[in-house]
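Chains as they are written, first to last, in our numbering: chain A, 1 to 604; chain B, 1 to 224.
Warning: the hint list may mix true and false statements.
[To be verified] Far from chain B by the CB rule (all over 12 Å, computed), these chain A residues:
hint	residue
1	E28
2	I52
3	W149
4	L244
5	L385
6	H426
7	N465
8	M467
9	G493
10	R497
11	F536
12	P596
13	P599
[As the list claims (entries may be wrong)] Mimicking DSBU-like on lysine-lysine, the simulated pairs with C-alpha atoms at most 35 Å apart in a straight line are:
hint	chain 1	residue 1	chain 2	residue 2
14	A	K585	A	K221
15	A	K45	B	K202
16	B	K25	B	K105
17	B	K10	A	K603
18	A	K221	B	K110
19	A	K221	A	K33
20	B	K110	A	K45
21	A	K221	A	K508
22	B	K202	A	K33
23	A	K544	A	K221
24	A	K585	B	K10
25	A	K33	B	K25
26	B	K105	B	K202
27	B	K106	B	K202
28	A	K221	B	K10
29	B	K110	B	K202
30	A	K544	A	K585
31	A	K221	B	K25
32	A	K33	A	K45
Bear in mind the hints are in silico, worked out from the structure with no lab data behind them.
Treat the numbers as computed from the prediction; the structure is a model and nothing was measured.
For every residue, glycine included, the Cβ atom is placed at its ideal position computed from N, Cα and C.
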Amino acid sequence: MSNETTIHVPAEVVHELHVEEHGAHHKESFITKYVFSQDHKMICKQFLITGIIWAILGGLMSVLFRLQLGYPEASFPILEDIFGKWAKGGKFTPEAYYALVTMHGTVLVFFVLTGGLSGTFANFLIPLQIGARDMASPFLNMLSYWFFWLASVVILSSFFLETGPASGGWTVYPPLSALGQVNEGSKAGMDFWIIGMALFVVSSLLGGLNYISTILNMRTKGMSMTRVPLTIWAILFTAVLGVLSFPVLLSGLILLLFDRHAGTSFYLSDIFVASTQTALPNEGGSAILFQHLFWFLGHPEVYIIILPAMGLVSEVMAVNSRKPIFGYMAMVGSLFAIAILAFLVWAHHMFVTGLNPFLGSVFVLLTLLIAVPSAIKVFNWLTTLWRGNIRFTPAMLFAIGFVSMFISGGLTGIFLGNSTLDIHLHDTYFVVAHFHIVMGVSAFFGMFCGIYHWYPKMYGRYLNNTMAYIHFWITLAGAYLIFWPLHYEGLAGVPRRYLDYSNWHAFKNFLELNRFISTVAMIVFAVQLMFVFNFFYSIFKGRKVVTPNPWGANTLEWTAPIRPGHGNWPGEIPEVYRWAYDYGKDGRSFIPQTEPVSPQESKH
Amino acid sequence: MAQSVPAGQKWWSGGHSPFHVEYGKLMMWYFLMSDAFTFGAFLISYGTIRFASNSWPDPNKVFNTFPVIGEMRMPLAFVSLMTFILIMSSVTMVLAVGAGHNNDKKGVMKWMFFTILGGLAFLGCQAWEWTHLHGEGAWWGRNPFMNINGSQSSTNFTNFFFTITGFHGFHVFSGVIINIIMLIMTWRGVFERRGHYLMIEKAGLYWHFVDLVWVFVFTSFYLL
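The shape of chain B in the complex, shown without the other chains (with noise of 0.2 Å):
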């Protein structure tokens, strides 16, 4: 759309987006500064209580498990692959994009199947860590772990680290939801008719900052 916007428009004198995206766009960012601040007031309450705290237990010993290899004891091994899979949901997500911009609805659909089979994927391997980790005792108000200094830990580990990956886990089932729903709507030619697939970028914008939040999940509770 861009290569039609005639030069020298004056962008803000109404009768048109001064960004020149559609509203449906535009409340997506702002949506998604919204949530920004949930995760971000989520993510300073844990930084607190964490720097409140005067030890806290070593995430290279909580999170040192695999599924059916699991006395490895390979540190942060498993949430590697899953923040891989969550990436790699992102490229995918990219270029399902890419081909809507090419209205190529084939590509659409390879490329969103994808992006859902990595969603879906990560929310396996989360459910499988969140069963592990309940299995060694731990859960909401339950912190097994002890402090790295030795001693006893409060159970708030436990309680920001359920609390916080499971909200951001909902958002990536909130997210799987949607692409299937965008799959579905694809496949039925909906984009097709309306002749632009805008909404499989509102589906990535949405689909990347859950990935982005990933981010600052994993570096909070896995690398600090």
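Next up, chain A with everything else stripped away, as it sits in the complex (with noise of 0.2 Å):
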């Protein structure tokens, strides 16, 4: 009997109704293992390698516009070569800068950060680590996937429009992006944009029910919330958060898309386009609404970047600390009060758009309070190291590393909160390097983080140690090399989203950094490329993985065999008895979960 026949194996007494359906034997062709496949294990694979081409292309970009920033008189001949008119004499036109800058951000926002971060770990580490034989809909799970390809398909292709994708920017504020005649990018490139995001939508609202019901539906005997590992939890808030903000997301761009094709004025009001000398007929639309409906997503949306991270964190660090994680409750109960923030703050992006300074007062104490929950977790963090008997994996260094980004780019977190410093600051360098070090570095930390360590369970090899150093140290120095002088720049009042400072007296002076923050960055990408290659050397070369247990981890995942089948546990799914972080305890090195508690054990 395959494991396809027990993964609706009845865990309760309403999943038995269900195995006559979902159980039937049935054999598994190419097309049912690897690419309409309903297995998590292998829908994860997918959504990380997806992932992981969309960061390669999504960096590539910002290559490309760094060495516009670094390099403003020069022309590079290959560049004609490759984009034609977009790159004419060899040097990108404003319209490409634009839609560089843009299609940067979308991409690695919602295609690398949101579904190939969430997407990898959630599918991953949910059925595994709460010990269920797969997600509680596996169909759904796999719809999600595809629907994601199909919103990649649709972002992909807008690349190859005649008139170029969206370039007004990842936020795509209206009036310009509800415009086609005041902007190329704002032709078929934004509906298309609109339509990616709408599957996108669609993917992120399936996998998220998913996630969520799982988690509170299928955990094993035992497996009580509080005995989870802290990366199920921050998964749980991360689903919810994209459940609840998504979806008004959606409803701003139907409503964009009926402003952009139906003659409606939703955003729209006493606008005169100055390139055509005509004064268009719409009135009474707000165009700050798009900004009210576009942040009520886009601020929950930082969260869903980090909380997948910090979970990744906090469980890698524990197992490589061989501590107990410090504060389990704490680390929960921050995690919450995080999401429930996340929806209260949204305004602390618009201070500047005329927003009541009264009100604005009250965002930029609940932006403040933020502070709080963060702070919590990276103390715990620090106390979880502290005294505790380190091993440096791969792993743990890109946790310890995203400890260190997180501080780095939080700290600014809280100039910016600041309805009175943002006067200043917004829209400059300074914004750019914020959220670059605290939402982009920190998060790529946390899944690199999560691969290097899962990569075992994934694979059933190890990646490269050496590459791996390499790529960690590097990215390291690189990720602070580039960042840093930007809030220097930042403050001087640089403002992002220009293509060309040289005819300013006040930051022309920037050049030379820009040229070394532009060098940094193409050895980081240079780096990032060695790591991609460790992946794939590595799926087929690596070192294998010889114990089910190479880390010395308690949580449910390394009870399985080193390459679990569909359905996970050859026989019975373990029973739970203890929670995740037994480790160094009664002086055993650690206590799996599936270890029923002693009568002569210490407690806790």
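These two chains come separately, so use the hints to put the complex back together.
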């Protein structure tokens, strides 16, 4: 009997009723195993590899526009060979530059750090860590990936449009994004963007519903909510945030689509188009309305990105410090607090829109409150490390790097959260530096930490350690060398999204610095390519895993076979008797969750 | 099912659903929360724009026609009928779910049929109302109605009306399709073999939600 038949073994009365429909034995073909797979582990790999491809593309875009910022006078004939009219004479046109910046943001925020990160680790870890055969609905899970794939195809194809992809910034503020006549990127590219994002919302919704109901409903016997690893808590809150915030973006985008094509005025009022010398008839709309709708998603979105990384880091840090995570309940509580506050701070992106200063002060207060749970988490990580028996595996290094990045980026969040300081800092490179460190680089560190740690479970082989250490140190040093100077530029007032600063006396003296940043960015990008090589090389040639529990970890995934089949555990699903963090207890290095508590054991 | 739960059970200790519901129902509840945010965003946008406008058309004047006896000028009579139909279809849905609890296949089929009929009737009414308004010159980007204070109205009255009632109508349409599939599955004995009519309950949750949303849409566009 294959594992297939046991996937829906009843964990409870109601599931039993489904066995006759879902449990029927069927042979796995190439298509059902690798393409339209319903196995959460395969779907995880699909998300991961799609995410990696997107990360390469998104990263490459940043290298291209860093080239422009570092060498605004130079021309690179090869660019014209590749990009044709977008890089006439070997220099990117302003339209191409804006398209690159826009798509870099869109791709990395949504397709890599949301789809790629959550999709990978929620799919992989939820069933394996809570002790389930698969997701609650493997079919919807499969659909979630394929909607993600469709969204990817739509976004990718927008690059090949005559008028190019969307180019109004990843926040696609109207009226710029609503009026095709004012901007090449607001023509068909914007429609592709909206359709792609709508498909992405569907994917995220299907995934999120599955994650939530699997975590709540399908935990194995003994796996109470206070015994689940912190990864699971983090993924749960991430899924809740996604389920409640993405629909608001969808509504906003539907209204935008009507403004673009049906002559409505939801976001438009009193507009004069200078290029064609025409006044538009639209009246009564509000462009600020879109910003509210966008940021009601957009702010939770940054926590959708960072929470899974926090979960992965917490788990890896406890395993590799050989100590229980410090303050488990405080960690859960602060995740919860962050999830709640995520919905109450969106207007801090809008301090300079003419928002009522009193209302602004309320949002300042709520924004600064986020520092409390964030600081709790940071101190808990530090105290987990404190006097730990630390093993500096690549995953652990990335976990520590994550904490470093999160502190550095988090502190500048306190600057930006003040509405008065924001008047000066808004739309400068200070903002760019802040969110790249706290959300971009941190989340990538969390993702790398997860990949290095769980790769042996995913593929039954290890990633190459030498390449991993080179990857870590150059990425860490490179990230600081890129983004630290950007803070400095931002404080000096250098605005973001400018193609060329040489016309400004105040800004053109940063050219050398920009050139330095661009150089580091290219080196860091090359190192990421080395990681990608390591990733694919190790799938086939990596050192083989010979023990089911290579890291000496407590969680359930390491009780499964080295290469688990569909259904994860060949026999019964293991039962759980303790939390996931009994490390260094009673003179033992670790005690797996499946081991019953003995009467002699000390209390923790 | 609730009666089979032993006393003193630890709900959250794993091994079974803490809410004693199977995953599909849980998913439906979370989906509805998500969808509530979609409609919430629409209605709040509508509220924002409306309150930022100096004046707004009077629904009693805009929605005062009735098919066949069109010139009676009864404010809101037709939309009241539509609302009544939709609420009645929720009642028949409750009866279908109730019949499902008793494993009464015939009862489920009968009440599902009436629910579908109610849904179709509502959609038909909406189609008539839209056609009528279109005939009066109203559409996305076109608003023939004057503000209640006699001034020229912006097009956002019709923009929001068609977008939001259209989005709701799309939900009703999806619900009717789901209900038709449920009816066919019931008729073919799928649920009878399964031994329970949980799918009807889940379709019912969706249907009641769509009905509940209509109450808010109705209030925002016709009453306020």
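**Message:** When the structure is checked against the list of hints, which entries are broken? Sort them ascending.
**Reply:** 4, 18, 20 and 21
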